[in-house]
Every structure is written in structure tokens, then in C-alpha cells.
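Engineer: Fit chain B to the given chain G structure using the hints.
For the protein sequence lines, the chains are G and B, in the order given.
All letters in the first sequence, in the order written, are residues 0 to 268 by numbering that gives the first Met the number 0.
All letters in the second sequence, in the order written, are residues 0 to 531 by numbering that gives the first Met the number 0.
Read the hints as simulated data drawn from the structure, not as lab findings.
Bear in mind that the values here come from a model prediction, so they are computed numbers and not experimental data.
Here a beta-carbon is modelled for each residue, glycine too, at the ideal position from N, C-alpha and C.
Wrong hints could be hidden among the right ones.
Stated by the list, open to error - Counterexamples of contact, computed for chain B against chain G with all Cβ distances above 12 Å:
| id | residue |
| --- | --- |
| 1 | 93 |
| 2 | 133 |
| 3 | 462 |
| 4 | 520 |
| 5 | 527 |
To be verified - Every beta carbon over 10 Å from chain B, so not counted as near; a handful from chain G, in silico:
| id | residue |
| --- | --- |
| 6 | 33 |
| 7 | 212 |
| 8 | 218 |
| 9 | 248 |
Said to hold, decoys possible - What follows is a set of in silico ranges between Cβ atoms, one per label pair, in the way DEER data are often shown:
| id | chain 1 | residue 1 | chain 2 | residue 2 | range |
| --- | --- | --- | --- | --- | --- |
| 10 | G | 179 | B | 169 | 21 to 31 Å |
| 11 | B | 276 | G | 168 | 20 to 30 Å |
| 12 | B | 510 | G | 168 | 27 to 37 Å |
| 13 | B | 433 | G | 75 | 22 to 32 Å |
| 14 | G | 16 | B | 433 | 21 to 31 Å |
| 15 | B | 298 | G | 142 | 20 to 30 Å |
| 16 | B | 390 | G | 16 | 54 to 64 Å |
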Amino acid sequence: MEQQVGPDQPEVDAYEHSMAVQLRGLVKRFGSVQAVSGVDLDVRRGCFFGLVGPNGAGKTTTLAMVTGLLRPDAGAARVDGIDVWARPLLARERMGVLPEGLRLFERLSGRELLHFTGRLRGMPTDEVDERAGELLAVLGLDSAGDQLVVDYSTGMRKKVALAAALLHNPAVLFLDEPFEAVDPVSARTIRAVLRAFTGRGGTVVFSSHVMDLVERICDDVAVMAGGRVLAAGGVDELRAGRPLEEVFVELVGGGVTSGDRGLDWLGTP
Amino acid sequence: MIGTAFRLRLALLRGALRAGPGSTARRVGLVFGGLFGGAAAVLACFLLTVARGHGRLPEDLAVLLFTALVAGWVVLPILTFGSDDLLDPARLALLPLTGTEFLLVMGVGALVGVAPIGTVVAALGLLPATATGPASGLVALVAVLLLLAMCVSASRACSSALSGLLRSRRGRDLGVALTALVALSFQLINPLVQVAVRSGGAGEDALQGLAGPLRWTPPGLLASAPGRPLPAAIGSLLLGLLVVVLLLVLWQRSVRRSLERAEVSGTRRRRSTTLAPRGVPAPAGRIGAVQAKDLRYLFREPKRLVTALTGALLPVLAVALGPLALTGSRPPAGLVFAACGMGLLSALSGANRFGLDGTATWMLISSATDARDARRDLIGGDLAAAVVAVPMLLTISVLLAAITGGWQHLASTVGLALALYGVGLGMADLLSVHAPYVVPPSQNAFGGGGAGQGCTAGLLTMGAMLVEVVICLPLLALLVPGLVTGAPLWGIALLLIGPVYGGLIGAVARRAAARRWAERGPEVLELLTAAG
Numbered sequence: 000m001e002q003q004v005g006p007d008q009p010e011v012d013a014y015e016h017s018m019a020v021q022l023r024g025l026v027k028r029f030g031s032v033q034a035v036s037g038v039d040l041d042v043r044r045g046c047f048f049g050l051v052g053p054n055g056a057g058k059t060t061t062l063a064m065v066t067g068l069l070r071p072d073a074g075a076a077r078v079d080g081i082d083v084w085a086r087p088l089l090a091r092e093r094m095g096v097l098p099e100g101l102r103l104f105e106r107l108s109g110r111e112l113l114h115f116t117g118r119l120r121g122m123p124t125d126e127v128d129e130r131a132g133e134l135l136a137v138l139g140l141d142s143a144g145d146q147l148v149v150d151y152s153t154g155m156r157k158k159v160a161l162a163a164a165l166l167h168n169p170a171v172l173f174l175d176e177p178f179e180a181v182d183p184v185s186a187r188t189i190r191a192v193l194r195a196f197t198g199r200g201g202t203v204v205f206s207s208h209v210m211d212l213v214e215r216i217c218d219d220v221a222v223m224a225g226g227r228v229l230a231a232g233g234v235d236e237l238r239a240g241r242p243l244e245e246v247f248v249e250l251v252g253g254g255v256t257s258g259d260r261g262l263d264w265l266g267t268p
Numbered sequence: 000m001i002g003t004a005f006r007l008r009l010a011l012l013r014g015a016l017r018a019g020p021g022s023t024a025r026r027v028g029l030v031f032g033g034l035f036g037g038a039a040a041v042l043a044c045f046l047l048t049v050a051r052g053h054g055r056l057p058e059d060l061a062v063l064l065f066t067a068l069v070a071g072w073v074v075l076p077i078l079t080f081g082s083d084d085l086l087d088p089a090r091l092a093l094l095p096l097t098g099t100e101f102l103l104v105m106g107v108g109a110l111v112g113v114a115p116i117g118t119v120v121a122a123l124g125l126l127p128a129t130a131t132g133p134a135s136g137l138v139a140l141v142a143v144l145l146l147l148a149m150c151v152s153a154s155r156a157c158s159s160a161l162s163g164l165l166r167s168r169r170g171r172d173l174g175v176a177l178t179a180l181v182a183l184s185f186q187l188i189n190p191l192v193q194v195a196v197r198s199g200g201a202g203e204d205a206l207q208g209l210a211g212p213l214r215w216t217p218p219g220l221l222a223s224a225p226g227r228p229l230p231a232a233i234g235s236l237l238l239g240l241l242v243v244v245l246l247l248v249l250w251q252r253s254v255r256r257s258l259e260r261a262e263v264s265g266t267r268r269r270r271s272t273t274l275a276p277r278g279v280p281a282p283a284g285r286i287g288a289v290q291a292k293d294l295r296y297l298f299r300e301p302k303r304l305v306t307a308l309t310g311a312l313l314p315v316l317a318v319a320l321g322p323l324a325l326t327g328s329r330p331p332a333g334l335v336f337a338a339c340g341m342g343l344l345s346a347l348s349g350a351n352r353f354g355l356d357g358t359a360t361w362m363l364i365s366s367a368t369d370a371r372d373a374r375r376d377l378i379g380g381d382l383a384a385a386v387v388a389v390p391m392l393l394t395i396s397v398l399l400a401a402i403t404g405g406w407q408h409l410a411s412t413v414g415l416a417l418a419l420y421g422v423g424l425g426m427a428d429l430l431s432v433h434a435p436y437v438v439p440p441s442q443n444a445f446g447g448g449g450a451g452q453g454c455t456a457g458l459l460t461m462g463a464m465l466v467e468v469v470i471c472l473p474l475l476a477l478l479v480p481g482l483v484t485g486a487p488l489w490g491i492a493l494l495l496i497g498p499v500y501g502g503l504i505g506a507v508a509r510r511a512a513a514r515r516w517a518e519r520g521p522e523v524l525e526l527l528t529a530a531g
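Bound conformation, chain G alone (with noise of 0.2 Å):
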């Protein structure tokens, strides 16, 4: 993955394309807090990639500044080859987004929500119509279509805000903890519907923290700590035939405590 760019021009061409996102030295501050401190990182085209690392090692700030929602102090972002916060207009036309930590418009109806979004992005009202009605179907909220947002649960608001990111049909999905909180019935919609997603030449960038499950559907993963990029490759190659979650651990470095020090009293009678 940590490839590096060839002095060639062609070849130069040839990888970025078949790259679908790239960060360069992406850097935010907040205050006294350095969120993130150079994240270098290439997706490939038509990947399901993971993004994993502990709380607060900057997953959250890396992707909103891919999404051009959180202005980058320092580095770069191209999506599908455009750069994002010279052309912003341009790259969210290829992205969809679903944040974590950000509401939606919840005083709409999952069926509102969805026309409102559409509309946003000018998309005529029967394409709208129609590609509303099949994703709320396929994602089950056909029933609670006509309910508030607001009204949802966890699991639904993910479902519907993923609907949202798919409706204007992007190249790149950017989805922030979309599995947390979400049952594992619509967790497999969920899945369903980003494999058909990637097996027709999508882009599936998402941050978990859940090492199972980016371990059974991920291609490529990259583990963050701290603000920076610890490891990043194939899944297979960087978990060398151990559990994901043991090279996770080692490379973010929290000492697994066996449980013997302390607590002595825990459990006894």
C-alpha cells in the first residue's frame, strides 16, 4: 500500500488511477490536541477498505477531512482523482458520506429524508422516487419509511443515512462506524448491500473498531494510532495468518492485562 511514486510519468498516471483515494500528509490541530499528524494513504479502486485503530486515534477527523466536511491544516485528499479542497464541488459529486457523530435532518421522514437529499444534489423526482423506494426496501425500512427520523433507532438512522449515501449512485463510500450500534441482521444488510456495491467497481472506505468483522469483509485495512497511519496493506498480508485483532494490538501497543494484578475481589463470594 505505502507505495512509492514512481519517477516515471505514465506509470505516475497509470497508479494514480487506479487509485481511488490518496492522502498526503493530511494534518489537523485542534487547539492543544494534534487530532492527526500526516496521514499518507492510498484506496484502491473497487476496494472494501478498513480503516481500525482504538478511540481517538483519528479515524473520525481523517475521513471528514477525505469528505471535505473538516478543513485539513496541512496535506492533501484526492477522491477519484480530484482534489478535495481545491475542487470540493467536484470530489462530492463522486463521494457519498455517511459521519459519525453528526445528525441528519431527523424531523423528516426516512422517505423525506431521502427526497430531500436527492434534491439537494438535483436529481430529478422520479429517479429519486424510484431509487428511494428500491434502497429503502433492500435495507428494510420500507415499513418505517413514512416515520420520523428522529423516531429511529441506532440501527435505522445508519440504514437510512447509508441510503442517503448511495442515492446520487457515488463512485467513492465514505463511512464513518457505520456497524456500531446495529444489530447484526441489518448489519448484514448492510454488508449486502456494499459487496454488490464494490463487486460493480465501487470504493468502500469505512473506520470500525470491530477487528471480526474487518477482518471476514475487508481487501485492504489500515491501522491508525495516535494521528498516523501504523500499518496499512492487505488484510491477509498484514495479519500473516494470525487474528487481526492480536497484530492490531501489538501495533497499537495497549498491554492486554491478564487480569492476575488487582481485582482480587472480583467475582469472589
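Structural biologist: Frame of chain G; chain B shown alone:
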């Protein structure tokens, strides 16, 4: 247990005042609430004291006061539910408490604070007002204590019984809407009362008429006890005690029920097939989408309705009804121009558009794929505001003309008001983009404004109003000759030119705001996210 509950209550009060988002507003609120409540309590006590010896007046006043106190104790916690952790039994559900201990903790919570102290201070006026000797003095003292017990038990019995509803989203929305309604109705009640008082015949008769039946309610019985013969007084007190005991039983039951019953959240379906509300002409594309969303929100998010209503109606009510109340006669014809105040103010209720949208603003930013999209966002929002405000402005202008008979000023009023409104929309766009601030997702519709930001926002709004007025000064060239000569042609000219003038200036301001919004959208979002 009581000591623990007492410390818990104090810790919660301290926690509420600790630094954090909105803490300044809370502190200011508490200080003002305390000062206002304290002053009202002392005033009530003082009134009762000086009423002594005026026939039945002191007793009537005491009956009204006691009834009002119990009513206040019942209504206020329902309106401010969620602001007090010890109001909701569910918040205490995880503590290992028995049924009686539950009541103790909640009761101590209710008895420590500004409201209970104020209640006692006000009610203690009963002693100097009605006590004639040691026996009736003792009766009055017991009556005050029973009143406090009645206030607390009635209040908590009601809020506990309603806690399930109040916890739900729909219930909270209802609370916000009701609070706003109460506040608005005060604006109406005040002039009406003044009119009633001025028209004469009110005063003691009205007081007696009101207090008569209330004497036989439980708080009324307590208030009138010292004035009765001793056996009847003791009987009244015993009846009061019985009511308190009944309320305690009810309270305990409702606490138990609210802990046992699962929460039911409302899932009413919306049968809308289109985004835009029916009957509202909506442009296509992004402008129409934003307009439709804003209109939907106006009726689905009470916070917005309150902002729109207070921004538009309060100034008119205050300006128009105030003089009506003070003079008591038909107001002067020139009062029609009060509608211009609405034109001046109501546009500015949209001056924190993205703050109201909160972090959902990202949906606008990430879907802007055309250089003109930023302007469409602002136009859509302004259209939604205008769809509501302009008809309201016209209605109120006509209404004022009908009340005052100042039909000759109607055309110039509408022209001037629409000019101010048009400029105001542009100002609101500029403020929305340049000075957005976080609106905390609080239950209280009037608790808007982040820490220290409310003040800045207020100053900016004042500035924007000043700019509106200055920009519209050239229109005086049409207004003044009309007023001097009385020729209707000037008014018609103002009616035609005013809206165009305001609209054009507003459009220029909007264009500047849109440029900023297109460039600095992420910064606006960062501001709304960081503090939210």
C-alpha cells in the same frame, strides 16, 4: 437517607452550575430566577401583611395566593421536566431504594431550592395577615407547613404520573410548545388585565368573586383556616392533612407504576408523499428542497415555531396592545405602522439558520456540487420564512388598520414593512453565515444560545436591525410627503417601490453571504460540531 438525599440534591445543583456548554446561561438563569422568585415571594408576603385589617381582603388574597402556589407547583415541573434530575423517577431507578425512600429522595429534592423557600416566605404572610391571637397564629403556621407539603406532594404526584409521557420525544415537544404558549399568553393577559382594571368595577369585587369558590379547594381551606372559629379551623387543617396523605399515596403509586411500565415511544406515521407541505408552491431542485425542509421543520420542531412566533408576534403584541391597554380607548391611526416592527424583526429570527440545523448542516455542505448551490441554500431558507411571515405581516397590518381605523396608512405600512423584511432576510443570511452559534438541544424553548454566545448574538441582531433601518431611510422620501400631504399616491408608490427596494438590497446581501457560505461551509460546521 435524608442526609444523603440532601447532599445528592446539592451536588446536582452544583453540577448544573459547573462550567460547560451553556453554563453561563444556566448561572444567569438561576441568579435571575432566584432574584425574581425571591422578590415575588417577599412582595406577596408584604401585600398580605399590609392588607391586614381591610375586611375580607387579606383572606381573599391568601386564598388566591395559596391556590396559585399549588397550581404553580403542579404546572412548572411538567413544563421544565428533564431540567431537574430528581423529578423523574426513572433517573433514580438504578439506586437501591425502597418505595418510601424514593419519595424521601424526590421530596428532599423538591424541598431544597429557590421555589420551596420562596413558597414558604410568601405563604408566611398568612400569619400577619389573618392571625388574631396565639391560637389562630398557630393555625396559620400549621397551614403554611401543610401548604408546602401539599405543593410538593401534588407537584411530584403529577410529574411522576406524567413522567412516561414527558420522557418521550413527543411529550418533550409538547412541553416546549406549551411553555411557549404560556409565555405568549402572558403577553396577551397583561394588557387585557390592564384594560379590565382601567374599565373600573374590578378590584375588590372581582377579587371576592374569584376567591369565593376557591376557599373550598384544599389550598383555599388552608388559607382561610386562621379566620374561622377554632373547631372549624382545626377541621380545615385536618382536611388539608388528609389531602396531603392522599397525594402522597398517589405519588407513591405513580412512582411505582412509572418504574414498572415500559416506555412507549410514539411512532405516528406521516402520510406525506412529497417533501413539500401541500398547498405551498415549491420551486424545483435545491431551493425547493431547502424550503420544504424548513417548512416541515417549522411545524415539527417546536423550537423553530417558538423562534418564529416570538420573533414575529411578540413585538406586534407589545407595540400594538400596549398602548391599547394604557389608553383604554381606540388607539391612534398611526399605530398601523407597528406592523413595520414585525417587518424589522421577523426576518431576523432566521439569523442563526445553520445553528438551528445544528450538525445536520453537513448534509447541505456535502451535497453542494454546483457553484450556485450555496445561494440556493439561502434562498430556500428565506423563501420558507417568507411563506409564513409575509401573509402574517399582511394580516396583522390589515388587522391593525381595522382596529385603529388608520386605513390611510395601510399602503405605506405594508410597503415599508416589506422593504424592511426584504433587507432583513439578507441580514439574516449574512449573520447565519458569519456568526453562527450552537443552539443547545435543550427542552426549554427559551434556553437558546450557547455560553456567552446569546449575548453576542443579541448584539449582532440589534446591529442588523439598525442597518435595516439605515438602509431603508431613503424610503422616507416617499413616506414623509405622504404623511404631510395625505395624498394616497405616495402610499401606493411606497407599496410598489418598498418591496422591490428591500428585495434588491436583500439579494445583494444574500449574494455576499452565499460567497462566504460556499467557501467557509466546513468552518461553520466545525464551529457547530466543536461546541455541540
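Engineer: So, for every hint listed, does it hold in this structure?
Structural biologist: We went through each hint and held it up to the structure:
1. Consistency note on residue 93 of chain B: stated as away from chain G, and its beta-carbon is indeed over 12 Å from all of that chain's, at 20 Å minimum.
2. At roughly 61 Å, the least C-beta separation between residue 133 of chain B and chain G is larger than 12 Å, which holds for a residue marked as non-interface.
3. With a least beta-carbon separation of about 28 Å from chain G, residue 462 of chain B lies farther than 12 Å from that chain, consistent with its non-interface assignment.
4. Annotated as non-interface, residue 520 of chain B brings its C-beta within 12 Å of a C-beta of chain G; the closest such distance is 8 Å.
5. For residue 527 of chain B, the requirement that its beta carbon stay farther than 12 Å from each beta carbon of chain G is not met, with the minimum near 9 Å.
6. Even its closest Cβ contact with chain B, about 16 Å, leaves residue 33 of chain G beyond 10 Å, as expected for a residue assigned away from the interface.
7. Separation of residue 212 of chain G from chain B is adequate, the least Cβ-Cβ distance of about 25 Å exceeding the 10 Å criterion.
8. For residue 218 of chain G, the shortest C-beta to C-beta distance to chain B comes to about 25 Å, beyond the 10 Å cut-off, and the non-interface label holds.
9. Under the 10 Å C-beta cut-off, the non-interface status given to residue 248 of chain G relative to chain B holds; the minimum distance is some 30 Å.
10. For residue 179 of chain G and residue 169 of chain B, the hinted distance range of 21 to 31 Å is satisfied, since their beta carbons lie about 26 Å from each other.
11. The hint said 20 to 30 Å for the Cβ distance between residue 276 of chain B and residue 168 of chain G, and at roughly 29 Å that hint holds.
12. One distance hint, 27 to 37 Å for the beta-carbon pair residue 510 of chain B and residue 168 of chain G, holds here, with the actual separation near 32 Å.
13. Range check, residue 433 of chain B to residue 75 of chain G: Cβ separation about 28 Å, and the 22 to 32 Å hint holds.
14. Evaluation of the 21 to 31 Å hint for residue 16 of chain G and residue 433 of chain B yields a failure: the beta carbon distance comes to about 41 Å.
15. Judged by the Cβ atoms, the range 20 to 30 Å given for residue 298 of chain B and residue 142 of chain G holds: they are separated by roughly 24 Å.
16. The beta-carbon spacing between residue 390 of chain B and residue 16 of chain G, approximately 56 Å, falls within the hinted interval of 54 to 64 Å.
In this structure, the hints that do not hold are numbers 4, 5 and 14, in rising order.
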